[in-house]
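Chains C and V, in that order, are what the protein sequence lines are. Going by the working numbering, the first residue of the first sequence is number 302, and it counts up by one from there. Going by the working numbering, the first residue of the second sequence is number 64, and it counts up by one from there.
Hints listed in this document are in silico derivations from the structure and should not be mistaken for laboratory results. One should not assume that every hint holds.
[What the hints assert, rightly or not] The calculated lysine-lysine pairs, modelled on BS3-like cross-linking and capped at a C-alpha distance of 27 Å, are: (1) V:Lys234 <-> V:Lys146; (2) V:Lys152 <-> V:Lys180; (3) V:Lys146 <-> C:Lys369; (4) V:Lys280 <-> V:Lys261; (5) V:Lys209 <-> C:Lys469; (6) V:Lys180 <-> C:Lys469; (7) V:Lys118 <-> V:Lys234; (8) V:Lys280 <-> V:Lys353; (9) V:Lys154 <-> V:Lys209.
Every value quoted in this text rests on a predicted model; they were computed, and no experiment measured them.
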Amino acid sequence: MKLNRFKEIALDGTVRQNPTFRLVLGTCPTLALTTAAISCLGMGAAVTFVLVFSNIIISLLRNIIPDKVRIPCFIVIIATFVTLVRMFLVAFLPDLNDSLGMFLPLIVVNCIILGRAESFASHNPVLDSACDGLFMGLGFTVAITLMGIVREVLGKGQLFGVELWDFKIGFFENSAGAFLTFGLFIAIFNLCYNAVERKLRHKAAHKTAAIAENTTEIPTTETASQSKEA
Amino acid sequence: MSEKTKKPANPAVVQTVKTIAVLVVICLVCVALLALCNDLLYVSEEEQFNRAMDKIYKDYGGGDEEFNSTFTVGEGAENEFGKISEVYKAKGDAYVIVAEGGGGYKGSVSVYVVVGKTDGSDNVVVIAWLVKDSGGETLMSNITDKQRNSWYVGKSITDYASADFDVSNNKVAGTTLTSTAINNAVKAACVYGINVLKLVSTPESEARDAVVALLGKDYEGYEFKSVSDGTQFDEYKVGDSTLSFYFEGTKDGADPIAAYVYGQDENRQIVVVKNGLTHAELLAADVVAKSDNATDEIVNKVKSLSYFEYTVHTYGAPEFTFDGKAEIDPAVGTGDKGTVDAVYTSADGTLVITATGNGGYSGGTVTINVVISNGTIAGWYIVSNDKQSFLPNIEAVWDTQAKDWYVDSPIDKDIALGNNKVAGTSMSSTAINNAVNMACAYARSLAQ
Numbered sequence: 302m303k304l305n306r307f308k309e310i311a312l313d314g315t316v317r318q319n320p321t322f323r324l325v326l327g328t329c330p331t332l333a334l335t336t337a338a339i340s341c342l343g344m345g346a347a348v349t350f351v352l353v354f355s356n357i358i359i360s361l362l363r364n365i366i367p368d369k370v371r372i373p374c375f376i377v378i379i380a381t382f383v384t385l386v387r388m389f390l391v392a393f394l395p396d397l398n399d400s401l402g403m404f405l406p407l408i409v410v411n412c413i414i415l416g417r418a419e420s421f422a423s424h425n426p427v428l429d430s431a432c433d434g435l436f437m438g439l440g441f442t443v444a445i446t447l448m449g450i451v452r453e454v455l456g457k458g459q460l461f462g463v464e465l466w467d468f469k470i471g472f473f474e475n476s477a478g479a480f481l482t483f484g485l486f487i488a489i490f491n492l493c494y495n496a497v498e499r500k501l502r503h504k505a506a507h508k509t510a511a512i513a514e515n516t517t518e519i520p521t522t523e524t525a526s527q528s529k530e531a
Numbered sequence: 064m065s066e067k068t069k070k071p072a073n074p075a076v077v078q079t080v081k082t083i084a085v086l087v088v089i090c091l092v093c094v095a096l097l098a099l100c101n102d103l104l105y106v107s108e109e110e111q112f113n114r115a116m117d118k119i120y121k122d123y124g125g126g127d128e129e130f131n132s133t134f135t136v137g138e139g140a141e142n143e144f145g146k147i148s149e150v151y152k153a154k155g156d157a158y159v160i161v162a163e164g165g166g167g168y169k170g171s172v173s174v175y176v177v178v179g180k181t182d183g184s185d186n187v188v189v190i191a192w193l194v195k196d197s198g199g200e201t202l203m204s205n206i207t208d209k210q211r212n213s214w215y216v217g218k219s220i221t222d223y224a225s226a227d228f229d230v231s232n233n234k235v236a237g238t239t240l241t242s243t244a245i246n247n248a249v250k251a252a253c254v255y256g257i258n259v260l261k262l263v264s265t266p267e268s269e270a271r272d273a274v275v276a277l278l279g280k281d282y283e284g285y286e287f288k289s290v291s292d293g294t295q296f297d298e299y300k301v302g303d304s305t306l307s308f309y310f311e312g313t314k315d316g317a318d319p320i321a322a323y324v325y326g327q328d329e330n331r332q333i334v335v336v337k338n339g340l341t342h343a344e345l346l347a348a349d350v351v352a353k354s355d356n357a358t359d360e361i362v363n364k365v366k367s368l369s370y371f372e373y374t375v376h377t378y379g380a381p382e383f384t385f386d387g388k389a390e391i392d393p394a395v396g397t398g399d400k401g402t403v404d405a406v407y408t409s410a411d412g413t414l415v416i417t418a419t420g421n422g423g424y425s426g427g428t429v430t431i432n433v434v435i436s437n438g439t440i441a442g443w444y445i446v447s448n449d450k451q452s453f454l455p456n457i458e459a460v461w462d463t464q465a466k467d468w469y470v471d472s473p474i475d476k477d478i479a480l481g482n483n484k485v486a487g488t489s490m491s492s493t494a495i496n497n498a499v500n501m502a503c504a505y506a507r508s509l510a511q
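So that you can see chain V by itself, here it is in the shape it has in the complex (with noise of 0.2 Å):
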């Protein structure tokens, strides 16, 4: 008779079995009860803004049905400062926006940012902010209830590029890093209120708006950039109409355009034209386009001014009626001190020339604008230059000293660099002296 024997259990697999049992049960057990607090401790995203408008309005109750209607976000969620995820409606006209700004420490914040009128005024500002999620900011207690009343509140949206909204003016020591972040959502809000939820009109969308509306969607993409600051330009009137604004407009892969706008509200007349033309090209193009009012008078106003505003008087130059621009002679135009770009003239004789001047530093060059009136050299602006890294040691003495460099310097003999240089930029300073003579000597041409 044959005993069957157990075989015995190897002792290192049952201590493995062992090992792992008790790990995975160790496991389901800490699952078991994570889950079953998850279900009892659980915040909705619902409850999570009903807790912060109860934060920004003492008497928000929640639920409340002024706070219910979302917007879809859409077309202008990004802009340069930061992403828009979500719009709410909130109490008296103000909107609710979740903005995302990045720059932080470990990445971006995601910020609520009341923006509206407050009471009694017409004014939009920001009323309140407060961090919803504050992602890896691990220095965000620095900043307290005390920053997030004082700081950005009341202060108008449109002002989103000055100083109150400044971070140097909002931040905390030692959490700049989350003060920019928290900047830069706020003033993404401020930018979608303007631009998006048209919360207050400024130039640029007035603008905008017009141009849409007179050319269609297909200009919606446009950034218009306002060139004027909204004063009166008596000089370019036409009849009773003067021109009220002058913007230029930008669109990844289309023409540039300008649009001048003529007259105030209703006796708005808009007159688009391709930007950046000669004034030849202009003066035989058609315009882009025009409001229905637009005079033929303003439009051939636009197309004299167009060319002189966008490449001289954009850089200051004194404001005399442009009539046209002159071929350049190579021969004379062109030598060792440099180069002479465009003459513009005008019928008073007076003539804006646009010059390089060689020898910069680095061998660089600068290019300025020359204003010669009566034989004598009435004012210089720069234009732009080439490798000239201290120019702007120029430009900080422009209105004490360099503005008044060469001015009524006749121009019948070439001008010494003398003292008019800056110390520690003379190869600039040298360059100016040569874009100058240039210009002068192109100015004796002309008028022999």
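Okay, chain C solo, but in the shape it has when bound (with noise of 0.2 Å):
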């Protein structure tokens, strides 16, 4: 693999078309896990792992799944992952399979990895896929906890379980601060992303003017040596 193309992977996942924050896909447990920034941890390393070798098999089968039967097979496959780390959680790791509850066996039907299946490893390499599958499962783990991290600190004043102070705003722990944090999260991730982007386009546009101009310029003066020669 290209390092440009791994790049755009990379960026991609995290940020371009970030799950969470650009495509707004997996919000059931962005909103209902992320009291707990531990949680969101679990719940991110989780859904990476299933992310990232679903694409691996999905990529490596492509060829072979008839188009008729690709969707029950990609759910067989999520479905095998998702239970392969459920039974990891529960014999290694039962306070956070506990603490994910429900939310760990639903990751089945979480749209990032079903679209992430059928939109890109469905269609990609082996490596590429799975190089997708660990940005789009970064992206979601930074940013479900970055949202854990505000509601954990305003609403329980704690961080990662660790008490900080007595202060605490009740309404970050419930409902409606999940979707406010959730909201404010996703204007400040697209305010700061096409404040970015239009400063790469304008940057890019000064670029191709610039290019633009000598290329314009080259031929003035071959066509001047070339009369001066004749």
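Make the complex out of the two chains shown on their own, each in a separate frame, by following the hints.
Structure representation (structure tokens):
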């Protein structure tokens, strides 16, 4: 895989197509689990694992799976990895399993995973698909963890379960607080993203204009030398 | 010579077979992988229990003999708060009760509740609790170790009805329903600890045990409610024995009973009578049962007390010696304003008249007891009502206003409603006024 391609996939997954703040996918766990940052990290890790491995398998089988049954096949593969994650958590990290609760099995129907399987992994080679899964997962993890930090600090006066102070705003612990935090994060993220993109576009336009200017100047010089020679 | 030609396969059929085959193969491979992993990663019930105990008892190593004995949950597994599924004997005379509490967001929550005595205390308290299975409670993660270590812990199991166990003091904002399910499970475990494991001795459990010991297993199903608060009722003394407790016992499909407990501990004398009888019926009836040491004096006293306790004293009438119950003269006891339902007399001439007044809200009535002494009203008490949805307005000002209405008023003439009412509850106040006047009129007729 070329470095540029890798960079594109990484940027798409974490920023340009950030599943939480740009595509607004996987909102159920985003709204429900962000009361504790540690749960967000756990959820993010679980989703990343499932994304990476389901993308790899789907990419490997993309030429074998008939088009008509691709969705059932994707679901079976995704569900298998989700079940594996759950078995692992029950066996080794029961506390995390308890804190994720119903949202762990619900990863099966998480739009991010099925969406990447359908739109990316089933059309791209294995390494690209694995990278896509990894960076999409990272984008999701970072996004919900940031939200989790804000809600935990404001709502509980804690950070990753460590008591910071007594001050707490109960509003951030409930559903309305989740929606407000989510909305504010989307707004801030998109504001920053649009500003940076405008700046880059502006820069690129300048660059193109400069190149165009240079290209128009070169034939003029050549023409001058040709006429000199003549 | 004929040449055999191979018939070409139908491409649609081939495609279908291939599609099904791929799907089936993927499913089989996934199933095989999961079966293998399940075998490797399976966590048994025992392991889950050990983990929970590890969390509760930091030094619990698993497989401890003290935890090995399980109890048959049996009768009493279900109570008003939830259901008990397992009980284990734990360290230091404690018990691990696995209780399921309903009322959650998606159903019920299963909780390990450890109850027992803590070091240096005779009080049986909730030592710890831990969620075993959160069911469909999606917001369980909001309830953290901080809550687990503070809610209910150290609180006496007998206080399960107090504010210490109230869900409003033990909940996380936004997770009220899940907190409620946990609350119910903990309360269910407390009730089980009290009633079935008999970890603490309450007046109710003492009454139940005494009655069962006296009457046999047929009376095991009785639910006892203590009507008295344990105060020694000196006025009911028989010789040196004082009435220490009075219980009302109910059971589906059986007559209600009342148990009178005289004396304490080994000197306890118990007399059980049918509850809800009229005074005349009670005097004529035999007691249901009595302890061997119960004297005839006590039995007679109980017979004279029972109906009064049941119908009058419960509502807070001043304590006086009940002597008899007069027959009602329907000509005097029935009128436009209401009816007189019962008249209790005492040796010193005090009367307690139960009267029902008409003219209440929505055509309903209010029944009250009026205590009449020396030609004046000594007090009055609300007994019951019909359709009076605003009556709580009067009860709200009972101590500050209502209890003094009509007090010291002479009964020689009808008493006007006047200021004996609460704004917004005029019709219920009118019904009370009518009942008071019915009682006064009846008392006047008796005096004549």
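Hint-by-hint comparison with the structure:
1. Proximity of lysine 234 (chain V) to lysine 146 (chain V) is assessed by CA-CA distance (about 21 Å); at most 27 Å being required, the pair is judged to hold.
2. Restraint check: the Cα-Cα separation between lysine 152 (chain V) and lysine 180 (chain V) comes to about 13 Å, which is no more than 27 Å; the hinted pair holds.
3. Between lysine 146 (chain V) and lysine 369 (chain C) the alpha-carbon distance is near 49 Å, which puts this suggested pair outside the 27 Å criterion.
4. Between lysine 280 (chain V) and lysine 261 (chain V) the CA atoms are separated by roughly 17 Å; this keeps the pair inside 27 Å, and the hint holds.
5. Restraint check for lysine 209 (chain V) and lysine 469 (chain C): the C-alpha separation of about 15 Å stays at or below 27 Å, so the hint holds.
6. Proximity of lysine 180 (chain V) to lysine 469 (chain C) is assessed by CA-CA distance (about 35 Å); at most 27 Å being required, the pair is judged violated.
7. Among the hinted pairs, lysine 118 (chain V) with lysine 234 (chain V) is consistent with the structure: their alpha-carbon atoms are about 21 Å apart, no more than 27 Å.
8. Annotation: proposed proximity of lysine 280 (chain V) to lysine 353 (chain V) holds, straight-line Cα distance about 15 Å (limit 27 Å).
9. With a C-alpha separation of about 23 Å, the suggested pair lysine 154 (chain V) and lysine 209 (chain V) falls inside the 27 Å cut-off, and the hint holds.
When held up to the earlier numbered hints, the structure conflicts with 3 and 6 and fits the remainder.
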